[in-house]
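Undergrad: Each chain, written out:
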Amino acid sequence: MIVARTGNEAMAEAMRQINPDVVAAYPITPATEVVQLFSSFVHDGLVDTEFVPAESEHSAISACAGAAAAGARVMTSTASQGLALMHEILFIAAGLRAPIVICLVNRSLSSPINIHCDHSDTLASRDAGWIQIYAENAQEAYDTTIQAVKIAEEALLPALVTTDAFIISHGMERVELVDDKAVPKFLGERKVKHSLLDVDNPVTLGPLDLQDYFFEHKRSEIDAMNHVLPTIEKVQKEYGDKFGRYYSTVEEYKLDDADVAILAMGSTAGTAKVAVERLREQGKKVGLIRSRVYRPFPQTAMLKAMTKVKVVGIMDRADTLSTLGGHLYTECRSILYDADNRPLLKNYIYGLGGRDISIEEIEAMYDELLTIQKSGQVDKNIVYYGVRGE
Amino acid sequence: MALLEIRWHGRGGQGAKTAALLFGDAAVETGKYIQAFPEYGPERMGAPVFAFNRISNEPILQHCGIKNPQIVVVLDPTLMETVDVTEGLPDDGVVLVNTQKTAADIKKQLKLTTQAVYVVDASKISKDILKRDLPNTPMLGALIKVSKLLDFKAMLESVKHRLEHKFPTRPEVVEGNIKAIKRAYEEVMA
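These protein sequence lines map, in sequence, to chains A and B.
In terms of the working numbering, the first sequence is residues 11 to 400.
In terms of the working numbering, the second sequence is residues -8 to 181.
Incorrect hints may have been included.
Under the rule of at most 20 Å between Cα atoms (straight-line distance), these lysine to any residue pairs were calculated in the SDA-like manner [stated by the list, open to error]:
no.	chain 1	residue 1	chain 2	residue 2
1	B	K58	A	Y395
2	A	K244	A	L197
3	B	K157	A	L47
Among the chain B residues that face chain A by a calculated CB cut under 10 Å, a handful are [said to hold, decoys possible]:
no.	residue
4	A11
5	L12
6	A17
7	E20
8	Y24
9	I25
10	A27
11	I51
12	L52
13	K58
14	Q61
Partial selection, computed: residues in chain B whose CB lies under 7 Å from chain A [stated by the list, open to error]:
no.	residue
15	G15
16	V19
17	Q26
18	F28
19	F143
Just so you know, these hints were derived from the structure itself, not from any lab.
Just so you know, even glycine gets a beta-carbon here, dropped at the ideal spot from N, CA and C.
When you get a sec, could you build the whole thing from the sequences and use the hints?
TA: Below is the structure:
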């Protein structure tokens, strides 16, 4: 069915079709609508979900972790400060191997207070042991929400699916929904090996774990993250075969014959594709790399994409405040260390607090990258794009 | 059809966002790709606000703001005294205003030379039919006419579905809005 939906509405529709056992949530701009709409589905009897309106995000994610440990299919939604308040429990949920899915709207972290898009909230949680997938548009947010449930449950790892605040969360687009009945069929029932509610086979979850076994348990969690990429790829393919929309962990756009490329995440990748089209009309060989999956870092696919070109401009919508540049930049530099044909890199930190990034600005970045290709010199590695006084 | 970009000017509470969403939603049903989004600043009743549409036959990839809209829709004519409603408008752009004045008067007021101006008294239409000054839905009718890119009958049908969904127990509201859209479609003039 083809409909017009905002990103938030599309994610709420996916949740309705998924029909999770438990949703525990606390509202926050700009993600409020996701659970607000979902609560109306609960009220209208369209889902069988146990809906828990919690008194904070910390409580909401705690309820999610408990329910997931009991064997339930669990989802929630939040943004920015809400995710920051969940931070403690994010690690606990991942350590408990609780396959919770969060529909997350990327909003900048205070201070200064701001409700608009950057990626500082989820990137600050990058080490929490959650799978992170960044959607480019409302369609992808919808598709990925469904995929994430299957990925999380197969890998026993929690997952975050993100959209850009307001740009996608409140922007209405054409979205193709799959049939209501097809979603539960695609997902199947959650298969639970160890449930807290299985009194015949009692298990202990979350006890004290000291010098004797903590390290082994942590190592097994790390191992799960190290091996989840094939599961993500498998589910993406199954989804594509079934519903016709295919996704990859790293998207390559007009890259094969490109001299220079931009690497971006989220909705900006779409804007950059238009810049690529315009510049290609002028005969400039430019391409785009999009990091769709960010955790785990798809390093093999990323390395393959980046080494196709001579210069990569890496667009980060957050900074690490470490003097090292943005998250994608530091990590891409790291994976290139052992590569034979390393491209030159330039880091563009852009769009913090929702500042708009136009096609023309991205075209100008590409022109700069082409100049770098000619000269073989990167003047300044890290720039803060479009900032006054820069 | 190439990509069409539209900017709506209204005042907080006047329904610029609702109109943009309704317009986009209806266009999807006629087979188009669309975007509809408001500008989220401080939200105050009566303050100048913006909303935007993109419409195309092809998938729309860009997610940046709209700086050079081909069409500008002005819901409240008093906005033209304080807001530069023609900012970024190309030479062949179109301005559509809810006003009692003539297109020639508006053209003079906005100091336009090459751009086309269309006017319709959407407030009067709304007051006549809906008994309230809600110019946003009638302006949809005028917009469909001046954009020349959308099939009026299909759009009308689609808007009707949306309104029926929104007001399931108030058929008179649906009927009134459809009547207002039709009248604005007919009365809008250069």
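Undergrad: Would you mind marking each hint as holding or not holding in the structure?
TA: Status of each hint after checking the structure:
1. With a C-alpha separation of about 19 Å, the suggested pairing of K58 (chain B) with Y395 (chain A) holds against the 20 Å cut-off.
2. Taken as a hint, the K244 (chain A) and L197 (chain A) pair is honoured in the structure, with Cα atoms around 13 Å apart against an allowance of 20 Å.
3. For a cut-off of 20 Å, the pair hint linking K157 (chain B) to L47 (chain A) stands: about 15 Å separates their Cα positions.
4. The interface hint given for A11 (chain B) holds, since its Cβ lies 8 Å from the closest Cβ of chain A, which is under the 10 Å cut-off.
5. Given the 10 Å rule on beta carbons, the hint for L12 (chain B) holds: about 6 Å separates it from the nearest Cβ of chain A.
6. Because the closest C-beta pair between A17 (chain B) and chain A is about 8 Å apart, less than 10 Å, the hint holds.
7. The restraint placing E20 (chain B) at the interface with chain A holds, with a minimum CB-CB distance near 8 Å, inside the 10 Å limit.
8. Proximity of Y24 (chain B) to chain A holds as hinted, the smallest CB-CB distance being about 5 Å (cut-off 10 Å).
9. Checking I25 (chain B) against chain A: minimum C-beta separation of about 6 Å stays under 10 Å; hint holds.
10. Residue-level restraint check for A27 (chain B) holds (minimum Cβ-Cβ distance to chain A is 4 Å; threshold 10 Å).
11. Interface restraint check for I51 (chain B): the shortest CB-CB distance to chain A comes to about 7 Å, inside 10 Å, so the restraint holds.
12. Given hint, L52 (chain B) at the interface with chain A, holds; its Cβ is 4 Å from that chain's nearest Cβ, closer than 10 Å.
13. Among the interface hints, the one on K58 (chain B) holds; its C-beta lies about 7 Å from the nearest C-beta in chain A, closer than the 10 Å criterion.
14. Using the Cβ-Cβ criterion of 10 Å, the hint placing Q61 (chain B) at the interface with chain A is not satisfied: the shortest such distance is roughly 16 Å.
15. A distance limit of 7 Å between C-beta atoms decides the matter here; for G15 (chain B) the minimum to chain A is near 5 Å, and the interface restraint holds.
16. At a threshold of 7 Å, the smallest CB-CB gap from V19 (chain B) to chain A is about 4 Å, leaving the interface hint in force.
17. At about 6 Å, the closest approach between the beta carbon of Q26 (chain B) and any beta carbon in chain A falls short of 7 Å, and the interface hint on this residue holds.
18. Interface hint at F28 (chain B): satisfied, since its Cβ lies 4 Å from the closest Cβ of chain A, which is below the 7 Å cut-off.
19. A distance limit of 7 Å between C-beta atoms decides the matter here; for F143 (chain B) the minimum to chain A is near 19 Å, and the interface restraint is violated.
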